[in-house]
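Novice: Protein sequences, first through last, are from chains Y and F. In this text, residue positions in the first sequence follow my numbering: the first is 1, and each later residue adds one. In this text, residue positions in the second sequence follow my numbering: the first is 1, and each later residue adds one.
No wet-lab data here; the hints were simulated from the structure. Idealized CB from N, CA, C, for every residue including glycine. Among the clues, some could well be false.
[To be verified] List time: in silico DSS-like cross-link candidates among lysine-lysine, alpha-carbon distance up to 27 Å:
hint : chain 1 : residue 1 : chain 2 : residue 2
1    : F       : Lys45     : F       : Lys25
2    : Y       : Lys8      : Y       : Lys49
3    : F       : Lys25     : Y       : Lys8
4    : F       : Lys129    : F       : Lys25
5    : F       : Lys25     : F       : Lys58
6    : Y       : Lys49     : F       : Lys25
7    : F       : Lys78     : F       : Lys25
8    : F       : Lys78     : F       : Lys45
9    : F       : Lys78     : F       : Lys58
10   : F       : Lys129    : F       : Lys45
11   : Y       : Lys49     : F       : Lys45
12   : F       : Lys78     : Y       : Lys49
13   : F       : Lys45     : F       : Lys58
14   : Y       : Lys8      : F       : Lys58
15   : F       : Lys129    : F       : Lys78
[What the hints assert, rightly or not] In silico contact screen, one side only, chain Y against chain F (beta carbon under 7 Å); selected entries:
hint : residue
16   : Pro7
17   : Leu10
18   : Leu14
19   : Asp18
20   : Lys49
21   : Ala51
22   : Gly53
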Amino acid sequence: MRVSLDPKLLRRLLRSKDAMDAASYEEWPVERLARVSGVSQAHFARSFKQAFGLPPHRYLLTRRIERAKALLRDTELSVTDVAFQTGWNSLGTFGRIFRDITGESPSELRRRESAVAHPLDRVPHCYVSAAHRPDLKIAVSEKRRLDGGDMRAPEEAEVP
Amino acid sequence: MSQGVQVAGVYVRDQDEALQFYVEKLGFEVHTDARNGDYRWLTVKHPEQPTFQLGLFKPQPPVIDETTAQTLEEAVAKGAMPPLVLLVDDCRAAYDQMRQRGVEFTQEPIDRYGNVDASFRDPSGNGWKMLQARRA
């Protein structure tokens with residue numbers, strides 16, 4: 001059932017979403033996001049999920065992967081540099097979550113994308129990046145289990 | 001020009017607040033401010049673009065039912081409305097001036113291949129890209 005939220009609260013929640021959009025490579029613990037939105041920590045994550053349909057940390061993951069895809073596509077940066085520039089502390093975690101979300105490895109994506117021309121120079125940058133945003137509706141760990149029948153416990157928490 | 005788009009609008013949560021924002025912070029001018037009962041037809045125009053009006057409309061009865069109006073207000077507040085692009089001569093100068101006036105920027109000016117762009121939101125949540133286009 002759809003929950004109706006006060007537009008004034010939604011407008012404040014939008015500020016933390018905007019903040020993650022602007023600097024997805026930074027660390028965004030709940031207390032920082034709650035402060036940006038002027039919402040108590042206890043209510044922030046639930047309200048964010050009610051508003052935008054996914055928890056804030058998962059939203060952050062989609063933005064990081066989106067940025068990583070853009071850097072792989074548009075720059076010559078090494079995969080390691082891409083991982084660190086998009087906010088991951090571990091190359092292994094980056095590679096695994098990247099594959100979970102996009103279905104291919106960073107280097108596979110780079111090879112495939114470099115073979116295709118991109119006639120997108122007439123579209124403002126922000127809308128191009130929105131169009132390339134990965135569609136992440138379920139938890140990454142859940143997706144991994146569904147895809148691979150992987151029943152092991154995750155070695156690392158999903159929270160970046 | 002005798003043909004073309006004359007009015008396109010954004011939904012706003014409060015027309016007084018929106019009017020103040022677009023006029024005092026962005027430098028638009030009032031074009032039409034007409035009331036009929038609770039309904040208010042409010043449009044502004046850019047000083048350098050006299051034939052186009054930007055409507056600042058509140059989703060409300062009788063034009064829109066209460067339930068739908070609430071849904072629209074939520075969508076605006078979540079930043080879900082369509083993109084808007086404001087063309088400026090000098091993005092950094094406009095950014096400095098607007099920031100001083102208290103405009104909420106969501107992206108600082110960035111150079112992209114000769115274009116410079118920044119992003120801001122109006123008080124309701126409508127997102128604008130402010131673009132300084134590369135000189136041809």
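Novice: Taking the hints in turn, state whether each one holds.
Specialist: Structure-based check of all given hints:
Under the criterion of a C-alpha separation no larger than 27 Å, the hint pairing F:Lys45 with F:Lys25 is consistent with the structure, at around 14 Å. Proximity of Y:Lys8 to Y:Lys49 is assessed by CA-CA distance (about 16 Å); at most 27 Å being required, the pair is judged to hold. A C-alpha spacing of about 21 Å is found between F:Lys25 and Y:Lys8, which places the hinted pair at or below 27 Å, so the restraint holds. Using a Cα cut-off of 27 Å, the hinted pair F:Lys129 and F:Lys25 holds, with the two alpha carbons roughly 15 Å apart.
Straight-line distance between C-alpha atoms of F:Lys25 and F:Lys58 comes to about 20 Å, which keeps the hinted pair within the 27 Å bound. Of the pairs offered as hints, the one joining Y:Lys49 and F:Lys25 is violated, with about 32 Å between alpha carbons and a cut-off of 27 Å exceeded. With a CA separation close to 22 Å, the supplied pair F:Lys78 and F:Lys25 stays within the 27 Å bound. Between F:Lys78 and F:Lys45 the CA atoms are separated by roughly 25 Å; this keeps the pair inside 27 Å, and the hint holds.
The hinted pair formed by F:Lys78 and F:Lys58 meets the criterion: a straight-line CA distance of about 16 Å does not exceed 27 Å. A hinted pair counts as satisfied when its Cα atoms are at most 27 Å apart, and F:Lys129 with F:Lys45 qualifies at roughly 17 Å. Using a Cα cut-off of 27 Å, the hinted pair Y:Lys49 and F:Lys45 is violated, with the two alpha carbons roughly 37 Å apart. Restraint check for F:Lys78 and Y:Lys49: satisfied, since their Cα atoms lie roughly 12 Å apart, inside the 27 Å limit.
A C-alpha spacing of about 17 Å is found between F:Lys45 and F:Lys58, which places the hinted pair at or below 27 Å, so the restraint holds. Restraint check for Y:Lys8 and F:Lys58: satisfied, since their Cα atoms lie roughly 15 Å apart, inside the 27 Å limit. Proposed proximity of F:Lys129 and F:Lys78 is supported: the alpha carbons are some 16 Å apart, at most 27 Å. Residue-level restraint check for Y:Pro7 holds (minimum Cβ-Cβ distance to chain F is 4 Å; threshold 7 Å).
A cut of 7 Å between beta carbons decides the hint on Y:Leu10: the least distance to chain F is about 4 Å, and the hint holds. For the restraint placing Y:Leu14 at the interface with chain F, the shortest Cβ-Cβ distance is roughly 5 Å, inside the 7 Å limit, so the hint holds. Proximity of Y:Asp18 to chain F holds as hinted, the smallest CB-CB distance being about 4 Å (cut-off 7 Å). At about 13 Å, the closest approach between the beta carbon of Y:Lys49 and any beta carbon in chain F exceeds 7 Å, and the interface hint on this residue is violated.
Because the beta carbon of Y:Ala51 sits about 6 Å from the nearest beta carbon in chain F, less than 7 Å, this interface hint is met. About 10 Å separates the beta-carbon of Y:Gly53 from the nearest beta-carbon of chain F, more than 7 Å, and the hint is not met.
The structure fails to meet hints 6, 11, 20, 22 from the earlier list, while all remaining hints are met.
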